[in-house]
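Participant: Spelled out, the chains give:
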Amino acid sequence: MHISEGVLSGPVIATGFALAAIGTVIGLKKLDYERIPRAGVLSASFFIASLIHVPIGPSSVHLILNGIIGLLLGWAAFPAILVALTLQAIFFQFGGITTLGVNTVNMALPAVLCYYMFGRLIIRKGNLIESIAAFACGFISVFMSAIMVGLSLMFTEENFFDVATLVVAAHIPVMIIEGIIAVFCVAFLKKVQPSMLPGYIVPQRVFGIDPEIERR
Amino acid sequence: MMIEESFVNGNSLIHRLNPVLKIGFAIIYSFVVAVSSKFPSLFAALFIALFLVILARLNPRKAAVRLAAVNGIIILFWFFLPFTFQGEALFHIGPFAVTRPGVIFAAGITLKANAILIAFIALVATMRVTTLGHALNSMLIPEKLVQFFLLTYRYLFVIQTEYQKLTRAVKVRGFRPGTNLHTYRTYAYLAGMLFVRASVRGERVYQAMLCRGFKGKFYSLHEYSISKADITCAVFMTAAIVILVVLEWTKII
Chain D
1 MHISEGVLSG
11 PVIATGFALA
21 AIGTVIGLKK
31 LDYERIPRAG
41 VLSASFFIAS
51 LIHVPIGPSS
61 VHLILNGIIG
71 LLLGWAAFPA
81 ILVALTLQAI
91 FFQFGGITTL
101 GVNTVNMALP
111 AVLCYYMFGR
121 LIIRKGNLIE
131 SIAAFACGFI
141 SVFMSAIMVG
151 LSLMFTEENF
161 FDVATLVVAA
171 HIPVMIIEGI
181 IAVFCVAFLK
191 KVQPSMLPGY
201 IVPQRVFGID
211 PEIERR
Chain W
1001 MMIEESFVNG
1011 NSLIHRLNPV
1021 LKIGFAIIYS
1031 FVVAVSSKFP
1041 SLFAALFIAL
1051 FLVILARLNP
1061 RKAAVRLAAV
1071 NGIIILFWFF
1081 LPFTFQGEAL
1091 FHIGPFAVTR
1101 PGVIFAAGIT
1111 LKANAILIAF
1121 IALVATMRVT
1131 TLGHALNSML
1141 IPEKLVQFFL
1151 LTYRYLFVIQ
1161 TEYQKLTRAV
1171 KVRGFRPGTN
1181 LHTYRTYAYL
1191 AGMLFVRASV
1201 RGERVYQAML
1211 CRGFKGKFYS
1221 LHEYSISKAD
1231 ITCAVFMTAA
1241 IVILVVLEWT
1251 KII
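Protein sequence lines correspond, in order, to chains D and W. In this text, residue positions in the first sequence follow the numbering used here: the first is 1, and each later residue adds one. In this text, residue positions in the second sequence follow the numbering used here: the first is 1001, and each later residue adds one.
Incorrect hints may have been included.
To be verified - Result set (PhoX-like, lysine-lysine): computed pairs, CA atoms no more than 20 Å apart in a straight line: (1) W:Lys1217 with D:Lys29; (2) D:Lys29 with W:Lys1144; (3) W:Lys1215 with D:Lys29; (4) D:Lys30 with W:Lys1165; (5) W:Lys1144 with D:Lys30.
Since the hints were made in silico from the structure, they are not lab data.
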């Protein structure tokens, strides 16, 4: 869901950079120096996970997972996605310098919004609510990104309406797949490493043994 | 997909230039081209980009593959814009009119995208990511962000190995991807496992860094001095930007 170089107008590019800068500054503020290595390695895993191609009928789509990035990183999703997009530009030349701001905001803002909307619902005990929230997180994050890509195009040039509609429509199957993937992925993380999810309450220590250490 | 820095090996003038100069020019050039709209300046920009890529003596086939991928997306605009723009019709295909403003707009996008990306390949993709990180650090980019960037880059390849291990494991167990829930569950667990391993490894990495006396700063072993070639190139680069600005925003042509 990258917007290519050369498409966007000056004002859209400038707005994108301004918003991306604000988000990145907040994200970095919330990230202490001691949490940077963990966030950095996690960001690398998001980059690799986005290379996974999931089959859909005769074609395939690659995972975006920005909803899960939001759940796991909160505001730090901004620097994480900025870094990932920069590396994509260097390795594959998907996008370049001027679209970095807009593309970061289009991916990271939905991630942060999902963190606030679904972060607390996901850790609940109720299996159904949790699954619905996880599906919504995966679905809505991609939906919002597609809408924002569409809006970036529309603010550039009104005649982009058809292209913008096509972008959103083409991503509907992706949204559904991302929703399904999010349900399974959240359920998996809850079983294996629940402390990674937001709102996780550390269980009481029993006889001085840290349950977290035990589990590892 | 292979993650590799395809263009970093080389000993051309471009490869030897001061990284700060290269990044600085790439940024200014990209933004000037992105907001340009007149054809003389866009062709001049494309010419400058091609000149840089020739100067960098890159593998032409690899560069062409990258550009083909980008133009694959640009073609999408050619399918839409000539038909959706209002204006004077150039010719008709069936019931649809191909309009002049639409074709001009699509051509502008194509030129801009190619110019910016060719320049990016010549200037930014020819330096190592670590070099880029340290250069960004001396260019007012916050230290924390640069550390984040360098750590992500460093562990990209480690995590990729983890990913290959996991895919090999599912393959050995007879996994064949298809459009079904089982496939999606498998991929979701695979991604989840990657995140778990990355998180645990991240904590270990930080502990290891502390053990080695990490005090919140990365040091670069290279010193980037300013050579004579740097100064000459800086003059030419400034001239190139001035030419682009003059062509776009004055009425000489």
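Participant: So, for every hint listed, does it hold in this structure?
Facilitator: Hint check results:
no., hint, in the structure
1, W:Lys1217 with D:Lys29, "holds (17 Å)"
2, D:Lys29 with W:Lys1144, "holds (9 Å)"
3, W:Lys1215 with D:Lys29, "holds (18 Å)"
4, D:Lys30 with W:Lys1165, "violated (33 Å)"
5, W:Lys1144 with D:Lys30, "holds (11 Å)"
Hint 4 from the earlier list is the only one contradicted by this structure; the remaining hints agree with it.
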